[in-house]
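> Please build the complex by placing chains B and C on the supplied structure of chain A, with the hints as guidance.
Protein chains in written order, with our numbering: chain A, 1 to 374; chain B, 1 to 374; chain C, 1 to 374.
None of these hints come from the bench; they were simulated from the model.
Any given hint could turn out to be false.
Pairs count within a copy or across copies, as identical chains cannot be separated in the list.
[Said to hold, decoys possible] In silico BS3-like links for lysine-lysine, alpha-carbon gap of 27 Å or less:
(1) Lys169 - Lys22
(2) Lys356 - Lys169
(3) Lys222 - Lys169
(4) Lys22 - Lys43
(5) Lys22 - Lys356
(6) Lys222 - Lys21
(7) Lys21 - Lys339
(8) Lys222 - Lys22
(9) Lys339 - Lys222
(10) Lys22 - Lys339
(11) Lys169 - Lys21
(12) Lys356 - Lys222
(13) Lys222 - Lys43
(14) Lys356 - Lys65
(15) Lys222 - Lys65
(16) Lys65 - Lys22
(17) Lys339 - Lys169
(18) Lys43 - Lys21
(19) Lys43 - Lys356
(20) Lys43 - Lys339
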Amino acid sequence: MPVLLASESAPTLYELLVLLKKQSGLDWTLAEPDAQTQAQQLKICGIGSLGQAGPSELSFLSNPKLRDQLHHTQAAAVFVQADDLAAMQQPAQFIAVVCDSPYFAYALVAQWFEQHRLQRLPQGIHPTAVIHPSAVIADGVHIGPYAVLEAQAQIGPGCRIDAGCYVGKAVQIGADTHLYPRAVLYRDTVVGARCIIHSGVVLGADGFGFAPHPDQSGQWVKIAQLGNVQIGNDVEIGANTTIDRGALDATIVHDGVKLDNQIMVGHNVSIGAHTAVAACVGIAGSTHIGARCIIGGAAMISGHLSIADDVQISGGTAITSSINQSSRYTGVYPYQQHKQWQRNAAVISQLSTLRKRVRDLERTLADQSVNTEK
Amino acid sequence: MPVLLASESAPTLYELLVLLKKQSGLDWTLAEPDAQTQAQQLKICGIGSLGQAGPSELSFLSNPKLRDQLHHTQAAAVFVQADDLAAMQQPAQFIAVVCDSPYFAYALVAQWFEQHRLQRLPQGIHPTAVIHPSAVIADGVHIGPYAVLEAQAQIGPGCRIDAGCYVGKAVQIGADTHLYPRAVLYRDTVVGARCIIHSGVVLGADGFGFAPHPDQSGQWVKIAQLGNVQIGNDVEIGANTTIDRGALDATIVHDGVKLDNQIMVGHNVSIGAHTAVAACVGIAGSTHIGARCIIGGAAMISGHLSIADDVQISGGTAITSSINQSSRYTGVYPYQQHKQWQRNAAVISQLSTLRKRVRDLERTLADQSVNTEK
Amino acid sequence: MPVLLASESAPTLYELLVLLKKQSGLDWTLAEPDAQTQAQQLKICGIGSLGQAGPSELSFLSNPKLRDQLHHTQAAAVFVQADDLAAMQQPAQFIAVVCDSPYFAYALVAQWFEQHRLQRLPQGIHPTAVIHPSAVIADGVHIGPYAVLEAQAQIGPGCRIDAGCYVGKAVQIGADTHLYPRAVLYRDTVVGARCIIHSGVVLGADGFGFAPHPDQSGQWVKIAQLGNVQIGNDVEIGANTTIDRGALDATIVHDGVKLDNQIMVGHNVSIGAHTAVAACVGIAGSTHIGARCIIGGAAMISGHLSIADDVQISGGTAITSSINQSSRYTGVYPYQQHKQWQRNAAVISQLSTLRKRVRDLERTLADQSVNTEK
Chain A
1 MPVLLASESA PTLYELLVLL KKQSGLDWTL AEPDAQTQAQ QLKICGIGSL GQAGPSELSF
61 LSNPKLRDQL HHTQAAAVFV QADDLAAMQQ PAQFIAVVCD SPYFAYALVA QWFEQHRLQR
121 LPQGIHPTAV IHPSAVIADG VHIGPYAVLE AQAQIGPGCR IDAGCYVGKA VQIGADTHLY
181 PRAVLYRDTV VGARCIIHSG VVLGADGFGF APHPDQSGQW VKIAQLGNVQ IGNDVEIGAN
241 TTIDRGALDA TIVHDGVKLD NQIMVGHNVS IGAHTAVAAC VGIAGSTHIG ARCIIGGAAM
301 ISGHLSIADD VQISGGTAIT SSINQSSRYT GVYPYQQHKQ WQRNAAVISQ LSTLRKRVRD
361 LERTLADQSV NTEK
Chain B
1 MPVLLASESA PTLYELLVLL KKQSGLDWTL AEPDAQTQAQ QLKICGIGSL GQAGPSELSF
61 LSNPKLRDQL HHTQAAAVFV QADDLAAMQQ PAQFIAVVCD SPYFAYALVA QWFEQHRLQR
121 LPQGIHPTAV IHPSAVIADG VHIGPYAVLE AQAQIGPGCR IDAGCYVGKA VQIGADTHLY
181 PRAVLYRDTV VGARCIIHSG VVLGADGFGF APHPDQSGQW VKIAQLGNVQ IGNDVEIGAN
241 TTIDRGALDA TIVHDGVKLD NQIMVGHNVS IGAHTAVAAC VGIAGSTHIG ARCIIGGAAM
301 ISGHLSIADD VQISGGTAIT SSINQSSRYT GVYPYQQHKQ WQRNAAVISQ LSTLRKRVRD
361 LERTLADQSV NTEK
Chain C
1 MPVLLASESA PTLYELLVLL KKQSGLDWTL AEPDAQTQAQ QLKICGIGSL GQAGPSELSF
61 LSNPKLRDQL HHTQAAAVFV QADDLAAMQQ PAQFIAVVCD SPYFAYALVA QWFEQHRLQR
121 LPQGIHPTAV IHPSAVIADG VHIGPYAVLE AQAQIGPGCR IDAGCYVGKA VQIGADTHLY
181 PRAVLYRDTV VGARCIIHSG VVLGADGFGF APHPDQSGQW VKIAQLGNVQ IGNDVEIGAN
241 TTIDRGALDA TIVHDGVKLD NQIMVGHNVS IGAHTAVAAC VGIAGSTHIG ARCIIGGAAM
301 ISGHLSIADD VQISGGTAIT SSINQSSRYT GVYPYQQHKQ WQRNAAVISQ LSTLRKRVRD
361 LERTLADQSV NTEK
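So here's chain A without its partners, still in its complex pose (with noise of 0.2 Å):
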């Protein structure tokens, strides 16, 4: 991995677990009643799992079955459960940091490292950048290379739009969002605070609306898309991921959801609070899914559709009807070897003739048995 900090700007393991305290509330002990003068020496570079970090690096211990891992681990200090320390073989060759979730500071860790990054990034508005004068640019913003923004753009302070990215006609968005490479947002999108949208993302293109034509030629009228998307605070919107303006009312994404890569959100979508979508998922025109939903990379959910809060899909599942209770639905065809899958697909095809050959059989042998009781 790139190498993140050189030793003279590290924090000490001390330094860094205080602050992490304080700032996120982590709780934490040290194993080792000797170890804080340790911890106020160490410095950390880095993070890295178990098998990879190094002697100036930190570490975690998340998942139990990796606990094997504890004893031949080169990371200077490690986050861990009590435990899982306690079921070590041997002493520990690390300073052991003891907390309950070891993936949440590990988390904590990571986000610290980036932070520190972006802080160092370059920040102002690049020359080049082409902002209308009726733009609104906050105080903080960074405005990369080639950077288009239209008319009335409103930009929240702390804000970064990297190179190239198109800001279109009225578009709002709050403070401290974050805008990678070439993100394009059309007219009147509404982006909230602390998002992040990757490169390649495109907010409010036209949804896939049309009218056959009453002349019956087969032509299509298109449908103007008049509406507009809307997103939340904290949004995570991963690249080349497409959300479609609605057709006259908004497409909504609600605070705190994480979308992955690659996702199509049709028009007049809305998405509930800390709802998370893995990659590839389309989500059809006016489908409303609930709050706190997880759904599995490349789902595909049809439209005009009502999903409950919770529900889990699993990845690959066709969602054809409303979902009304919370639960795990999957739909995936199990995969096999291809000639035992040629064998088994062919059966499908006549999977109702088969029932109907069951239902016959059954009922002649309850005739049979008739027949024998008289």
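Coordinates of chains B and C only, in the frame set by chain A:
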């Protein structure tokens, strides 16, 4: 939704209706004898669904199931079919504009607002556009900041080439076509008139063609892709859709085709006129799709197939052989709660065995029956 | 197809054949003893299929099913296997160039035309490119308009970085690699030599990593993605494909891998050498795919799996568990006319019940048989 028009620049209902009759042949009548005077005074500032339209907006009823909403809508005027209006149980509180196809009327009104918006966009060639001296730009063309047009590109009258578009060498674009920001057209691409090409679209990238190296090392030898992409008139291509150039000949999209977002069209494919393809569909190389087909979202179509005219393919369906007959085709594994799915999926793996068991039972019963008859 | 070469700059057939033997070891003979003189006079202006090639073009027969086309082709010369030529029922009207693999010969000729085109493209660094002073650009590099290269980027000799590309901080690119317009490489990405990266590709965007917040509010805590993307030599990446950076380590694509358009490669994935992946495939995080695999379009591969070398996966198949054995695997629901599908899909939901009914019948018959024997 965004405000469409301020009252002072809005047309009256009557002006709008007269225009739609003249321009598009829309046949309408006002239900009430005295409504013409009202229609001449009523300013129409926007259009909305029955539930959302406000008192200066137009609406429409296209789905008879929503008839009840006629009683509560705030809309100033509503396009409605005669029988839906007649079925109302109380006098309409809006100006009823009776027509045969309210959905078509809605499409025309929405288009009117969109045209009004487009006409007010900035015009002209931005000084930062990089245009090769041999490119031929017709009159009335808009070219946005940082667009790049290579040698021998030809742009028809009235086109809009938005910010950051890339138009490759010898690309030809017909009149009044609109490229949204950051569309990319590789060399030799031909696009007709009145097309709409959204952001992130890539036309003419290399098709996926490789020959196994005869040295059997596993290496692939690239087949350079020497053909091009040809798009007809009145085609719309959604955000981040990709259409690859032909290997030797052309990949062809005929007139009036509508492609949604994130569609992949392989090399040497042809798509017949007025076919509509929903998002996330993949069409593999050398497949020919007929005219007026409707292909649902996330359908997958294998290569080297032929699909007849007027075929409908349900969303999520994998088409693996040619279709000669116009009909609707579906192949989607039905989803269920995960545990139930697991039970059924396990049976699928042994379906051909199950069929054999049924056959054996049938034979055994037949034998019994023969024995009994003896 | 576009005109490839004017006659005055075209090579003779003989020049081309001698070159291909010298450069690529292509073994060929002319079928007719007197053909060499003809081959020394014939100018080759392009290459086409047997049905499309014109009288100054070369063609090839690679599929024996198309043998009949040899009798009607207008091509001036044809690459053909000896037995296909021998099977002709009339004398060839073209110069027959006999070789073992006409498809390989076609690939070499197409590459020759492509190289000829590439060598005539504009060269040099466009004055509008924004290049950080610490970036290192080797000799013979082309950088197009509005490209942006950040600090410490390293570009190998002979690379083409087309218009509007974004090359992030500390990105390294090997010799002779070609980035088509608007490709985006996030910081720290490493790309080998002779790669082709098409428009809309995004390498190194954040992987999809979140920890549930321990406060159980449903909020997700971002796992900052600190790894990178590493691409080997001779890799091709199709339009709008995305490859995410690793969480802590690298996402790795090995030498000779060919990725089609709109593929999604999750964080920490590795793809073995010479594996080919067709369009629209999704590969979820931390999955390892072997060498020389062939993965069909729109296949979906779950995360944390291991796929052996030389595995073939059919298009549209969802792979949900590791594969240890080289073979072809398929899992696609067979499509049918919609009504027939509805009937069969309904049975699927009760398949485990159906199996139980068969078992019961078997037992009943077995009991009868026991009773009869008594």
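> Please go over all the hints and tell whether each is borne out by the structure.
Now the hints, each set against the structure:
no., hint, result
1, Lys169 - Lys22, "neither (41 Å within a copy, 32 Å between copies)"
2, Lys356 - Lys169, "neither (62 Å within a copy, 63 Å between copies)"
3, Lys222 - Lys169, "within (22 Å within a copy, 30 Å between copies)"
4, Lys22 - Lys43, "within (19 Å within a copy, 59 Å between copies)"
5, Lys22 - Lys356, "neither (68 Å within a copy, 60 Å between copies)"
6, Lys222 - Lys21, "between (56 Å within a copy, 17 Å between copies)"
7, Lys21 - Lys339, "neither (58 Å within a copy, 41 Å between copies)"
8, Lys222 - Lys22, "between (55 Å within a copy, 18 Å between copies)"
9, Lys339 - Lys222, "neither (46 Å within a copy, 31 Å between copies)"
10, Lys22 - Lys339, "neither (60 Å within a copy, 44 Å between copies)"
11, Lys169 - Lys21, "neither (43 Å within a copy, 32 Å between copies)"
12, Lys356 - Lys222, "neither (47 Å within a copy, 52 Å between copies)"
13, Lys222 - Lys43, "between (62 Å within a copy, 24 Å between copies)"
14, Lys356 - Lys65, "neither (48 Å within a copy, 37 Å between copies)"
15, Lys222 - Lys65, "between (56 Å within a copy, 23 Å between copies)"
16, Lys65 - Lys22, "neither (31 Å within a copy, 57 Å between copies)"
17, Lys339 - Lys169, "neither (56 Å within a copy, 48 Å between copies)"
18, Lys43 - Lys21, "within (18 Å within a copy, 60 Å between copies)"
19, Lys43 - Lys356, "neither (73 Å within a copy, 64 Å between copies)"
20, Lys43 - Lys339, "neither (58 Å within a copy, 49 Å between copies)"
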